[in-house]
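Q: Below, each chain spelled out in residue letters.
There are 2 protein chains.
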Amino acid sequence: MLFVGVDIGGTGIQAGVVNEEGKILYRKECATKVEDGFEKVMDDINILVRSLLGENDLDIYEINSIGFGVPSFINKKGLVTAVNLGWYEVEFIESLKNKFPEVKVYAENDATVAAVGEAKFGSMKGKDIAVMYTLGTGVGGGIIINGRAFTGANGMGSEIGHAIIGENYFDCNCGNNGCLETFCSATAIIKYAQKLIEEGRESIILDMAEGDIKTINAKMVFDSYREGDVVALETVNRFKLYLSKAMASMVNTLDPDIISIGGGVSRASDIILEGLDELVRQHILYKKEDFTDIVCATLGADAGIIGAAFLS
Amino acid sequence: MLFVGVDIGGTGIQAGVVNEEGKILYRKECATKVEDGFEKVMDDINILVRSLLGENDLDIYEINSIGFGVPSFINKKGLVTAVNLGWYEVEFIESLKNKFPEVKVYAENDATVAAVGEAKFGSMKGKDIAVMYTLGTGVGGGIIINGRAFTGANGMGSEIGHAIIGENYFDCNCGNNGCLETFCSATAIIKYAQKLIEEGRESIILDMAEGDIKTINAKMVFDSYREGDVVALETVNRFKLYLSKAMASMVNTLDPDIISIGGGVSRASDIILEGLDELVRQHILYKKEDFTDIVCATLGADAGIIGAAFLS
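As they're listed, the protein sequences go chains P and E. So the first sequence is numbered by my numbering: it starts at 20 and just counts up by one. So the second sequence is numbered by my numbering: it starts at 20 and just counts up by one.
Among the hints, a few may not be true.
The list treats identical chains as one, so a pair stands whether inside a single copy or across any two.
As the list claims (entries may be wrong) - Simulated crosslink set (EDC-like; lysine to aspartate or glutamate; CA at most 16 Å straight-line):
1) 307 with 108
2) 95 with 308
3) 233 with 217
4) 96 with 308
5) 95 with 110
6) 96 with 113
Bear in mind the hints are in silico, worked out from the structure with no lab data behind them. Since this is a predicted model, take the numbers as computed values, not measurements.
Between the sequences and the hints, there should be enough to build the whole structure, so can you do that?
A: Written as structure tokens, this is what we have:
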């Protein structure tokens with residue numbers, strides 16, 4: 020049986036035909052022409068999927084279902100508001116059904132989709148209760164309960180990047196203070212390193228950025244950490260401390276079988292995972308018990324296509 | 020069909036025969052002789068349940084199942100460590116099965132049991148995804164998913180009183196800083212009012228305590244709030260602010276149909292619920308969407324017997 024997964028991002032749309040083993044057999048992509056508006060982007064998605072199938076001699080009736088990941092929340096009415104697509108309460112689910120009347124369609128938030136992919140074929144494979152933190156520009160999340168995507172009563176759950184876990188020196192884009200996203204996103208890591216350097220601390224991070232503080236990225240911070248740079252050490256340790264507080268609260272709340280860390284930040288998996296388990300243990304309630312395995316994601320960017328393909 | 024629910028507390032054990040409509044038909048209680056040790060308490064529970072049945076001409080084979088609530092975590096092996104019962108890794112589930120071989124037995128943490136009761140017959144009746152905060156000396160929690168008690172992969176979930184939601188001026192009993200319990204338990208309310216008074220603030224709370232700061236209780240704080248006392252106002256507002264942060268994080272994570280507040284503190288339900296909805300809305304991510312109803316528990320102390328009776 021074959022499945023199609025479509026990962027709709029702010030700059031590009033990736034589509035893939037996936038087999039039952041989670042292998043992407045064929046793939047095709049196109050640009051997201053945000054400026055052309057919702058209807059045109061939906062037309063482009065239709066063309067993308069149908070040409071992906073046509074070019075590989077597949078009939079749409081051979082496809083079990085098509086799943087879509089969107090950088091947004093999908094409300095109970097199927098409406099989507101996705102700021103970086105310029106969509107405001109667009110009839111996304113209705114439009115998908117109209118474009119693809121021949122086949123079942125499913126859609127979820129992209130972080131939830133990534134969690135489904137990791138739970139089906141990646142780092143969280145075969146786990147009943149699984150939580151994924153996607154650490155990138157922001158912090159997204161996906162929750163799997165009884166093997167299926169869980170987004171709550173109104174579809175707005177699993178936004179674990181906006182769990183309030185402390186007090187921070189700047190507010191979150193969502194208007195609150197203390198969201199996990201403001202401690203543990205790539206943006207948060209960059210901001211904190213910049214803050215320390217602006218306060219006069221010396222660091223090789225600034226050398227890596229060729230003296231331009233604005234061009235610092237998270238990779239430079241992790242690379243400097245490897246060199247023993249004190250500012251990088253302080254920045255990464257703060258990141259890990261708050262990540263462990265968030266994960267401990269998650270263990271105390273959902274007690275998952277496994278927690279997986281994905282997103283761009285997880286490329287520094289060796290640094291992130293080192294001692295994290297012990298740090299989480301310090302912050303949970305039942306410190307002597309076996310608890311949640313903590314790992315990094317394994318599917319990389321493909322989780323978007325694979326997870327979407329296996330939505331149900 | 021009849022069910023038996025047993026609520027095991029640090030001072031007393033309550034047992035009840037409950038019908039299918041959640042009505043307690045007969046009840047009986049005994050003291051918890053903590054000092055006699057685990058085996059003796061289990062014997063007392065056996066005697067309590069059997070005499071409750073005998074006195075009401077009921078045969079144990081007429082009972083569908085017996086459920087138990089304990090002030091503790093039950094691990095995967097059925098072992099219980101309950102500090103205020105003086106139990107350390109006792110074989111609780113094994114012992115229950117030996118005492119009551121004629122009938123199915125179930126057991127859960129008491130806050131989870133209360134949530135089951137409220138979800139079956141009380142404030143959260145008929146809701147698929149429901150969360151209960153029990154605000155008492157500490158803060159307990161119960162999570163219902165798909166209508167059933169959810170405690171996670173290792174049974175240590177739903178301890179939402181130990182979600183880390185900020186930074187506090189004193190540490191939690193669990194060893195961490197910033198647990199919900201340190202902001203929103205009765206103990207936390209008392210401590211904060213005492214702190215303000217010790218700092219020299221005038222308050223009628225102290226008059227209610229007849230000048231003895233050590234005897235302040237949460238009821239005095241809420242009663243003083245009704246009188247417009249500024250220290251009480253500040254204390255209650257702080258409590259509500261952090262409660263709203265915890266609930267907003269819960270909405271962002273599990274997006275429940277309903278959240279119910281139980282425990283002793285919820286007796287001041289009018290004060291607690293006033294404006295709480297709006298405060299939670301301010302702290303959630305999707306501020307314009309319909310979200311979780313927030314209510315107070317309705318079964319009171321009976322939730323312990325009723326919820327235990329309907330464990331499955």
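Q: Now look at each hint and say whether the structure bears it out.
A: Structure-based check of all given hints:
1. 307 with 108: between (47 Å within a copy, 11 Å between copies)
2. 95 with 308: between (38 Å within a copy, 10 Å between copies)
3. 233 with 217: For residue 233 and residue 217, the Cα distance is within 16 Å only inside one copy (11 Å; across copies 48 Å).
4. 96 with 308: Cα proximity of residue 96 and residue 308: across copies only (11 Å, versus 42 Å in one copy).
5. 95 with 110: within (11 Å within a copy, 45 Å between copies)
6. 96 with 113: Close inside one copy (9 Å), not across copies (48 Å); limit 16 Å.
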